[in-house]
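Please build the complex by placing chain B on the supplied structure of chain A, with the hints as guidance.
In the order they appear, the protein sequences are chains A and B.
The working numbering applies: residue 1 is where the first sequence begins, and numbers increase by one.
The working numbering applies: residue 1 is where the second sequence begins, and numbers increase by one.
I should point out that these hints are in silico values taken from the structure, not numbers from a laboratory.
Beta carbons: idealized from backbone N, C-alpha and C, even for Gly.
Honestly, I wouldn't trust all of these hints.
As the list claims (entries may be wrong) - Derived DSBU-like pairs: lysine-lysine, alpha-carbon spacing no greater than 35 Å straight-line:
1) B/Lys-109 with A/Lys-66
2) A/Lys-73 with B/Lys-102
3) A/Lys-87 with A/Lys-66
What the hints assert, rightly or not - These stretches of chain A come out as covered by chain B in the derived footprint (C-beta under 8 Å, 3 or more residues):
4) 329-342
5) 384-392
6) 445-456
Said to hold, decoys possible - Label pairs and their computed distance ranges (CB to CB):
7) A/Gly-255 with B/Asn-381: 40 to 48 Å
8) B/Arg-411 with A/His-179: 32 to 40 Å
9) A/Asp-278 with B/Ala-101: 20 to 28 Å
10) B/Arg-411 with A/Arg-152: 13 to 21 Å
11) B/Asn-381 with A/Glu-240: 15 to 23 Å
12) B/Ala-198 with A/Arg-412: 48 to 56 Å
13) A/Phe-119 with B/Pro-368: 36 to 44 Å
14) A/Pro-332 with B/Asn-296: 45 to 53 Å
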Amino acid sequence: MTIDRNLAGAIAVTRFGLGARPGEIGRASGDPQGFLTAQIRATGADPTGPHPANSGERTREFLDFKRERNADKQNGLDKASVAKTAKRQLHESLADDFSARLQLGVATPDGFRERWALFWTNHFTVSGARTAMAGFVGPFENEAIRPHVFGRFEDMLVASSTHTAMLHYLDQFQSIGPHSAAAMSRGAGARHNGLNENLAREILELHTVGLEAGYTQADVTEFARAMTGWNVGAENGPPEKLGLFVFHENAHEPGARTVMGRRYPEGGYDQARAVMSDLAASPHTASHVAGKLARHFVADDPPPALVARLREAYLASGGNLSTVARALIASPEAWEPAARKFKTPYEFLVSAWRVSEPTPQDLADVGQVFTFMGQKPYSPPSPRGWPEEAQIWCAPDALVKRMNWSEAFATRVGANQDPIELASNALGARLTPLVAKTIARAETRPEGLSILLMSPEFQRR
Amino acid sequence: MNTPQNQTRLTRRAALARAFGLGVSIQLLGGRALAGADGASADKRLVVIICRGGLDGLSLSPPVGDPAYARLRGPIAIAPFGQPGGALALDQTFGLHPSMAKVHALATKGQARIAPAVATPDRERSHFEAQDVLESGGAVAYGTGSGWLNRAVAALGPAGRPRALSIGATAPLVLRGQVEAASWSPGGLVGADPRLPAILHDLYASDPLLGPALAGGLAAESMAHVATREVAAAADLSQAADAGMMARAGSAAPPARKGGLDQGRRLGAVLAGFLTQPAGPRVAAVEMDGFDTHANQGAAGGQLAARLSTVDAFLDGLQSGLAQKDAWRDTVVVLATEFGRTARINGTSGTDHGTASTALLLGGALKPGGIIGDWPTLAENRLFENRDTAPTMDMRGLFKGVLRDHLGVERAKLDTVVFPGSAAAAPAAGIV
Chain A
1 MTIDRNLAGA IAVTRFGLGA RPGEIGRASG DPQGFLTAQI RATGADPTGP
51 HPANSGERTR EFLDFKRERN ADKQNGLDKA SVAKTAKRQL HESLADDFSA
101 RLQLGVATPD GFRERWALFW TNHFTVSGAR TAMAGFVGPF ENEAIRPHVF
151 GRFEDMLVAS STHTAMLHYL DQFQSIGPHS AAAMSRGAGA RHNGLNENLA
201 REILELHTVG LEAGYTQADV TEFARAMTGW NVGAENGPPE KLGLFVFHEN
251 AHEPGARTVM GRRYPEGGYD QARAVMSDLA ASPHTASHVA GKLARHFVAD
301 DPPPALVARL REAYLASGGN LSTVARALIA SPEAWEPAAR KFKTPYEFLV
351 SAWRVSEPTP QDLADVGQVF TFMGQKPYSP PSPRGWPEEA QIWCAPDALV
401 KRMNWSEAFA TRVGANQDPI ELASNALGAR LTPLVAKTIA RAETRPEGLS
451 ILLMSPEFQR R
Chain B
1 MNTPQNQTRL TRRAALARAF GLGVSIQLLG GRALAGADGA SADKRLVVII
51 CRGGLDGLSL SPPVGDPAYA RLRGPIAIAP FGQPGGALAL DQTFGLHPSM
101 AKVHALATKG QARIAPAVAT PDRERSHFEA QDVLESGGAV AYGTGSGWLN
151 RAVAALGPAG RPRALSIGAT APLVLRGQVE AASWSPGGLV GADPRLPAIL
201 HDLYASDPLL GPALAGGLAA ESMAHVATRE VAAAADLSQA ADAGMMARAG
251 SAAPPARKGG LDQGRRLGAV LAGFLTQPAG PRVAAVEMDG FDTHANQGAA
301 GGQLAARLST VDAFLDGLQS GLAQKDAWRD TVVVLATEFG RTARINGTSG
351 TDHGTASTAL LLGGALKPGG IIGDWPTLAE NRLFENRDTA PTMDMRGLFK
401 GVLRDHLGVE RAKLDTVVFP GSAAAAPAAG IV
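Only chain A is shown next, with the shape it has when bound in the complex (with noise of 0.2 Å):
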């Protein structure tokens, strides 16, 4: 690393992390790329709270909400009544859980292990959006993702893929081989009762190979061949699996199938357990991870260098994730001084915050902030999860709103801080002398704040 610590300090903590805590980068500076691989560790990112709920105790409290449901229906209800609240609470635990996520995001030190593990939960997007998914955004974080960031590629893959909320959101659980005995037992006219791809081709498309390893519709079709039978203990089920994966081997489609050129015998659950081994292990996988990885820590349109050095450590360790992320930060590529990733408005909010009331007051009732911002929360427009560009959260009524909130936030935050010192905290090195003097010109500290928090260099990272 040839450019000056002190830069390189504040480099970690925004870019790699999530903006600077009080002091932080003072923290950062004598050691920058030492601060963030001592955030990697095998056991994998923090769980975004003491006790988060986990997957069985959200599908009771989904199962009672039916059941009330159902009570109106037959009482002649309508939805205003023991059904809604039901229905409300489902919601409410998303907000609780999108909060405690933030809360950790906030106060956490190791901003680079919570980063590296947001990138991860939006690498395989589940969405709250709808009622029956509100409750497993949460547990799917914790349960799927955030023990596995820093350890095999592969091991996540499964973890989300024989996760409830997965396996809900794209209609898995729903999948039944045509040919299987459950499918023969009911008959052919029967409801869903076949074949569902949505999984199966997203699991081909978004997490693993990529369209550009060139798969085919019947590559699909193959694959969901070999996954029907991977689903979700039900309420009729042994209640201790209810909730969790199971396997319906009644359900599963016999016979070998072929994907991507690669037989796999008949082998009930392991035959789409070896089809994933094989796309894990896939160079297209290790393509697609190393340009994401790249697109989101270093730039929009990401140095090719650096995409091969991440493609590499990928291939060289079989995926394993620790490898890949300290070859993220060994990269001389990601510690170009000027910052070129606009932040999203997570990512925004989370760094005010860190900045400037790192202890804040009330994060329950942010939600409609971060959805004026285009960032409703736990509800990503598709399976693809945030988008990463500048240009489309730079849109012009997005930043009005930022300005807005900072004003407001600003007002309530700022009257008791100075405004230079808090420009000092959160910028370092990277601060420039025009935000300086434009800050030092203002007339109260809040409107200091203001212009920080919308500066070109607070709003980039």
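What follows is chain B alone, placed relative to chain A:
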């Protein structure tokens, strides 16, 4: 659990869910200067609606007269004309989904038509690749980072390059590009410090991203004040009419859905408010999502029916707002999706990613006529890859016909700049 504090939180969240549960956002492009040198297209309005997720054309405009339709679709087939929940007839073969009553009323006046078998050049059945091709106007995915609507406006000439505006927090690909796009969305968090915008204006002076974005955002904000004030004033009048309609509909429309419909209608009316301001935009893009119906798609009622009701209400609000200002007669609306869905019902009472779908055209500027393009039928041997409605018309040709005949974009530019390398896809004639 139900402490007073909790109640307050719930209520606020519920209000939020009402405000943003629609899954609709609007982007607008263009200012008064959209006119060519002769000013002929000065008052032409174009609204492009992108339905994300793969809208099922066979439900939007069910071919209930096609002998194969009912068999392929089973329980999710829309019933024939005249039956309960049946399609609203357009001709012998096609109807509209029963949720599309307002659009159907326009169709009977020759102000709404369908193109039942259009597709982009993409055949991969990936949402993201197909949406990229649909919005970029390229022949292949990820070929260009700008959208065809932006390039079409740019192609109208430098004589007063139109100002761009978007409603919706973020900008969609179809409007991204050389012509600056501002944006606006409902839900203000209005600031009080009049100094801050000016300070930031100076601070962003040399920033190519933040500078134009802020300027556009502030301009849109002031225009929105006018548009929303007009809608609020009109709402008092229309509430009486709404109440009458609800009374006739009896208990068929549950309260929750009524809220969504009101909101859809209001959003359409706000868009009309933008489009009718003297210095307002003349070209707009609208995004709607929630059409990826892999499971429990429903027929006359259900998941897709609810989305289509919102589409119908939005279009109704837009049409009424424009008609009030005598602007509907200069308007064309095009609604399109990235791909259609499988002709056969799937194993989970839904449909999977397919190929051709229906595009819907509306507007007072439309030429009356039947379906646009040929109907390949759903006969077994006519399905594309034995699976999907076969495309008989290139989506780009449909867009090109509207851009040429409604906005006056030159054919040569349509073939090369707006839709690069698309000379073979001739502009659809006789639409406007």
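Outcome of the hint check:
For the proposed pair B/Lys-109 and A/Lys-66, the alpha carbon gap of about 44 Å is over 35 Å, so the pair is violated. This hinted pair checks out: A/Lys-73 and B/Lys-102 have alpha carbons roughly 30 Å apart, not beyond 35 Å. Distance hint between A/Lys-87 and A/Lys-66 is fulfilled; the C-alpha atoms sit about 9 Å from each other, no more than 35 Å. Counting residues of the stretch 329-342 of chain A whose CB lies closer than 8 Å to any CB of chain B gives 1, which falls below the minimum of 3, so the coverage claim is violated.
Residues of the stretch 384-392 of chain A lying with their CB closer than 8 Å to a CB of chain B number 5, which satisfies the three-residue condition for coverage. For the stretch 445-456 of chain A, the stated coverage by chain B is satisfied: 6 residues place a CB nearer than 8 Å to a CB of that chain, which reaches the threshold of 3. Under the hint 40 to 48 Å, the C-beta atoms of A/Gly-255 and B/Asn-381, about 28 Å apart, miss the expected range. For the pair B/Arg-411 and A/His-179, the beta carbons lie near 53 Å from each other, so the given range of 32 to 40 Å is not met.
Between A/Asp-278 and B/Ala-101 the Cβ separation comes to about 51 Å, which falls outside the hinted range of 20 to 28 Å. For B/Arg-411 and A/Arg-152, the Cβ-Cβ distance of about 56 Å falls outside the hinted range of 13 to 21 Å, so the restraint is violated. Between B/Asn-381 and A/Glu-240, the C-beta spacing of about 52 Å breaks the proposed range 15 to 23 Å. For the pair B/Ala-198 and A/Arg-412, the beta carbons lie near 22 Å from each other, so the given range of 48 to 56 Å is not met.
In this structure the supplied range 36 to 44 Å is violated for A/Phe-119 paired with B/Pro-368, their Cβ-Cβ distance being about 53 Å. Between A/Pro-332 and B/Asn-296 the beta carbons are some 52 Å apart, a value that agrees with the proposed interval 45 to 53 Å.
Checked against the numbered hints listed earlier, the structure breaks hints 1, 4, 7, 8, 9, 10, 11, 12, 13; every other hint is satisfied.
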